[in-house]
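**Q** Chain by chain, the residues:
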Amino acid sequence: MFRKVLVANRGEIAVRVITACEELGVKTVAVYSDVDVTSPHVRIADEAYPLGDPAPLESYLNIDKIITAAQKTGAEAIHPGYGFLAENPVFAERCEKEGITFIGPTSKVIRLMGHKVEAKTSIKEAGVPVIPGYHGGDQSVDKLTEEGLKIGFPLLIKAASGGGGKGMRIVKGEKELEGLIESCKRESLKAFGDDSVFLEKYLDKPRHVEFQVLGDHHGNTIHLFERECSIQRRHQKIIEETPSTALHDELRKKMGNAAVKAAKAVGYTNAGTVEFMVDGSGNFYFLEMNTRLQVEHPVTEFVTGVDLVKWQLRVASGEVLPIAQDQLIQRGHAIECRIYAEDPHNQFLPSTGVLHCVEFPKGINVRHDSGIEQGMEVTSHYDPLLAKLTVYAETRDETIQKMIHALSNYVILGVTTNVSFLKRVLAHESFKKGDITTHFIDEHQELFSEPEIPDEALIAAALAETLRLAPEHEHVEVASVGVSDPYSPWKNTGSWSNV
Amino acid sequence: MYYEHKNNMHKIQVEQKSDTWEIQIGDNLYKVSASDLGNGKLHIKTNNLAFRTRIFCNGQKRFVFLDGNTYCLKRAIRFSTVHDHVEGEILSPIGGKIIKVFVSEGDIVDKHEDLLIIESMKMEHKVKAPMKGTVMRLQHGEGAIVDTGEVLVDIERDKSTNGQAEW
Numbered sequence: 001m002f003r004k005v006l007v008a009n010r011g012e013i014a015v016r017v018i019t020a021c022e023e024l025g026v027k028t029v030a031v032y033s034d035v036d037v038t039s040p041h042v043r044i045a046d047e048a049y050p051l052g053d054p055a056p057l058e059s060y061l062n063i064d065k066i067i068t069a070a071q072k073t074g075a076e077a078i079h080p081g082y083g084f085l086a087e088n089p090v091f092a093e094r095c096e097k098e099g100i101t102f103i104g105p106t107s108k109v110i111r112l113m114g115h116k117v118e119a120k121t122s123i124k125e126a127g128v129p130v131i132p133g134y135h136g137g138d139q140s141v142d143k144l145t146e147e148g149l150k151i152g153f154p155l156l157i158k159a160a161s162g163g164g165g166k167g168m169r170i171v172k173g174e175k176e177l178e179g180l181i182e183s184c185k186r187e188s189l190k191a192f193g194d195d196s197v198f199l200e201k202y203l204d205k206p207r208h209v210e211f212q213v214l215g216d217h218h219g220n221t222i223h224l225f226e227r228e229c230s231i232q233r234r235h236q237k238i239i240e241e242t243p244s245t246a247l248h249d250e251l252r253k254k255m256g257n258a259a260v261k262a263a264k265a266v267g268y269t270n271a272g273t274v275e276f277m278v279d280g281s282g283n284f285y286f287l288e289m290n291t292r293l294q295v296e297h298p299v300t301e302f303v304t305g306v307d308l309v310k311w312q313l314r315v316a317s318g319e320v321l322p323i324a325q326d327q328l329i330q331r332g333h334a335i336e337c338r339i340y341a342e343d344p345h346n347q348f349l350p351s352t353g354v355l356h357c358v359e360f361p362k363g364i365n366v367r368h369d370s371g372i373e374q375g376m377e378v379t380s381h382y383d384p385l386l387a388k389l390t391v392y393a394e395t396r397d398e399t400i401q402k403m404i405h406a407l408s409n410y411v412i413l414g415v416t417t418n419v420s421f422l423k424r425v426l427a428h429e430s431f432k433k434g435d436i437t438t439h440f441i442d443e444h445q446e447l448f449s450e451p452e453i454p455d456e457a458l459i460a461a462a463l464a465e466t467l468r469l470a471p472e473h474e475h476v477e478v479a480s481v482g483v484s485d486p487y488s489p490w491k492n493t494g495s496w497s498n499v
Numbered sequence: 500m501y502y503e504h505k506n507n508m509h510k511i512q513v514e515q516k517s518d519t520w521e522i523q524i525g526d527n528l529y530k531v532s533a534s535d536l537g538n539g540k541l542h543i544k545t546n547n548l549a550f551r552t553r554i555f556c557n558g559q560k561r562f563v564f565l566d567g568n569t570y571c572l573k574r575a576i577r578f579s580t581v582h583d584h585v586e587g588e589i590l591s592p593i594g595g596k597i598i599k600v601f602v603s604e605g606d607i608v609d610k611h612e613d614l615l616i617i618e619s620m621k622m623e624h625k626v627k628a629p630m631k632g633t634v635m636r637l638q639h640g641e642g643a644i645v646d647t648g649e650v651l652v653d654i655e656r657d658k659s660t661n662g663q664a665e666w
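Same order as they appear, the protein sequences are chains A and B.
One point on numbering: in this note's numbering, the residue at position 439 of the first sequence is 439, and numbering is uninterrupted.
All you need for this note's numbering is the position in the second sequence, starting with 1, plus 499.
No wet-lab data here; the hints were simulated from the structure.
No residue lacks a Cβ here, since even glycine has one placed at the ideal position from N, Cα and C.
Any given hint could be a false lead.
Stretches of chain B that chain A covers, calculated by requiring three or more beta carbons in the stretch to come under 8 Å of a beta carbon on chain A [to be verified]:
{"#": "1", "region": "509 to 522"}
{"#": "2", "region": "528 to 537"}
{"#": "3", "region": "560 to 568"}
In isolation and in its complexed conformation, chain B is listed as follows (with noise of 0.2 Å):
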């Protein structure tokens, strides 16, 4: 996920174990467990610390509230309009989390094959391959959270079907 707080932006990599998360913020790996307390009040507890919170969300922004200092974030897509979009890319078409991945870094996949799912809004959308090719690098395992627009999976293309009649 990505937040943009006062031009800059921040990558956070959320993976969600049964009730905890393990989140990824730079080069340091927080393992979190949070209590809802409702209302947007949150009981955080961290590798080493505990922490209360208040969040509210409008649309895309985030105001975080801790400690006396209100953080206004906003959720920020990766891509921006303007972004290049790399062949064999596969982005996800919605936000959620990942959880079933059917393929390995290294498999061939035929087109319409399936990747991997994911959760959203209590429903499961299967993420399919769109042509023929090898998978070369996946980003996330199962238990990922991800933002739409996010790359999943790369995969390239095999030559040998030569080209556009696959797509």
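Pulled out of the complex, with its shape left as it was, chain A reads as follows (with noise of 0.2 Å):
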């Protein structure tokens, strides 16, 4: 095991390596930007390395400042959590000229994964089934109409390079495909610097799965069952759960051995999430593949037992996985939301601002993984994720339950948070029955109507008033609250006295 190890990240997943390596003996160090400096992650570790800039690019995504960390604190090793630098295959090739360990596959896989054109060649030719589509090297619009007719409508348009949402289109039909193939490659190029597309067949009533796979040095590769994360909004996942209601024993089977194939077939070493789309007929098509560790890994460790950071910590050094395939169980069921400050009313946009009362849900088999902090201050420097909270019971009716209650009790005050519109989805009908798609939140309207205003948070507001909690009125000039009236007996009744 890595005697130090550096953590390349912030916020929650920063807090949750660091706990991991504590718990292993390990010694870590945060790095933080400048805005960072107070936060939990900086305080948890047993040193920590400023970056400076609150810029990603001046920071968290700097490969020269976060080599320069590591090799002056002298950590043998870097976790690089989710998003940043987790998927960049020039920051792995860095580490590994510099000797230090990469937790995490080899710059080669995740080079090969980020290309989705290639990651989707070498998937399809390890037998694992690929969506309908072109992903061709001649990208001719010429070529590319051709094939898009032959795939048939609806269809989608892909950036090779994108991500996030960005350079997609849907088409409908025939009349609008040449028009939107070339809309779609400038907006790549733009946003990309790549204008490859790819074009799909578009599924119908499509789900998003993921399998979690691990692979270790000595060439075993295991699965971690699935997690479904149909529940999106601008194409990001919001709630996410296993085991997922798609999957019957069989088919989930057939996945998991064609995740583990995937992974098999690219040598992927370490934590990785092969993505999957479902579509109403119980048929699966390989997505992409993640070679990172999951926002939403807590789902898996509940459902299975197993610290997957920790994992990821004893492969990178070298260790064989300590368990076989049929020696893991998927055991009740686990879902996590996350907490996004972020207004649901208004497109889903960040929002900013101080955190003022913060309390967390607690309670058996209640998780919640967290970089945030009372009083700390919501910047637009990152991404607006403040929290997980993952809970776990026996059936998936049991765990909705909880969740709606532990949302029932997760209060931040001063933000706005998506975790009304959470509770609102759970307790969703369409959402219990387990009837869900990606497009879920867009059908279901009803979601952001939200209730009149209780009479009892009416109550609470005057009561706050009588009993002082709020700030002592300022003592208004009269002319001030609008009497414009010059003949007003305000002008001249004198001062008040106290009597």
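Join the two chains, each given in its own frame, into one complex according to the hints.
**A** This is the structure:
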């Protein structure tokens, strides 16, 4: 095992990784930008190294600074968390060159999986189904149009280097095909510096189901079952669960095998995630592979009892996977909600401000991964993910109940969050039935109707004044409350006397 | 008191009775008792239910957390700058609690006569009649919590004094 590990991230994931290192007796180095100097991840680490300017490119995305931090502090390995440098092949390669262990797969695998077209080609060769489509090198508009007509409609155009919904077009019919190919290419070039696109069949009732895989350096690869991540907004997940209601045992086994096959085909090591789309008829297709720890890994940890971050550290330090596929079982049900500083009623745009009152839910099998605390300011520099709330129970119904209860006791005042929106999703009849697709939020606009303010809230506000929880009233000059009448008696009643 | 929530104005009338409150919201009257658990936490009992809530006040903003929902309210002064002030309406110069009312509706008051006392910031403020006239309406009784700018008393000017001289 390593003696010292640098955690090249911030927020809840930095806290999560540092805690796992501590448990293993590994010393930790946190890195932080100027605005994060008092953040929890900085305080819990054994050492902290400043990165300076908060702009990501000057701090958490700055390869030179992070390598220097590792060298100066004597860290033998770097855990990148997720986001920032986690899937950057240049960074992984640099670590390899400098003799620092990158806790993740090799730079070669990251590079391959980062290019969606090449990734699909190698996965398809391994015999794993991919969505019918065109991933060819001939990128002329004529060829793309011809291939598009072959696949049929509706059809999806995607940027080869894209992500997060950028450079994506849905084509409904032949008429608009050519125009949309051209506009997608223009957007991709601008956003990613690469105008290659691919075409895919657009799926009916699509669900996003991914498999956690783990490979060691001794040729062993296992999967740790699925996570359903269909509840998304702006093409980003907000609620994840396992098991998925879309899978039955046979399909789960088939997909698990496919995930392991895909990972083995590319020589995958460490923790990774194979993402699939599952359609309404139970067909599944490889979507992409995430070469890192996922945000939603806690649900897998609940149902398998495995500490994924510890296993990442063990595997990276050369240990053999301690468990075989047939020793793993998926027990109970787990759901994770991502707590974002964002306003669901304003297109889920991030909100900023100071976290004034903060109180997290507690209870049996209630897990809260957080990098925030009361008094902290949420700035616009980084991702607005504040924390993750994960709960676990025997059945899905019970887990939903537990999550609704936990969210009902989740207090963050001062910044707009998605907590009450999440609660409405969980309480929705279709969600309870497991009747979900990646379009769930778009198709259920009723999720956006907020209840009228109850009298209880008004009573509470009024009591806050009388109990003097509110700031004392400033003495407001009468003129300032708008008495514009120059003959008002208030102009000349003289001063108030204290009696 | 007035609170604005999503462009709706809510009027709340509060009357304090020793250690309980009577709160009127629309047609509903609530008899309320509350324990302050510190750090913005309140345990509130109304007519037939008890609930826990958490409040954070920031300037005129009130964040109320209740059962997983956060309501952002704005404490509002009833009269905006465009209000056309009616002569004879006596507005509260300060937010606080009415602890004493000296007059009744129908009383004839002299200029500078004491009308009522508002307690605010642990000090008492006497509100006096700005002119001679008849008390037409008393908007609140003793124990009421009033806001800055809220109407306290309507006085109809005594015409016999013939106007401006008495101002």
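**Q** Taking 8 Å as the Cβ threshold, is the statement that the region 528 to 537 of chain B is covered by chain A upheld or broken by the three-residue rule?
**A** holds (count 4)
**Q** According to a criterion of three or more residues whose C-beta lies within less than 8 Å of a C-beta of chain A, is the region 560 to 568 of chain B covered?
**A** holds (count 8)
**Q** Report holds or violated for chain A covering the region 509 to 522 of chain B, Cβ cut-off 8 Å, minimum 3 residues.
**A** The restraint on the region 509 to 522 of chain B holds, since 6 of its residues have a Cβ under 8 Å from chain A and three suffice.
Of the numbered hints given earlier, the model fails none.
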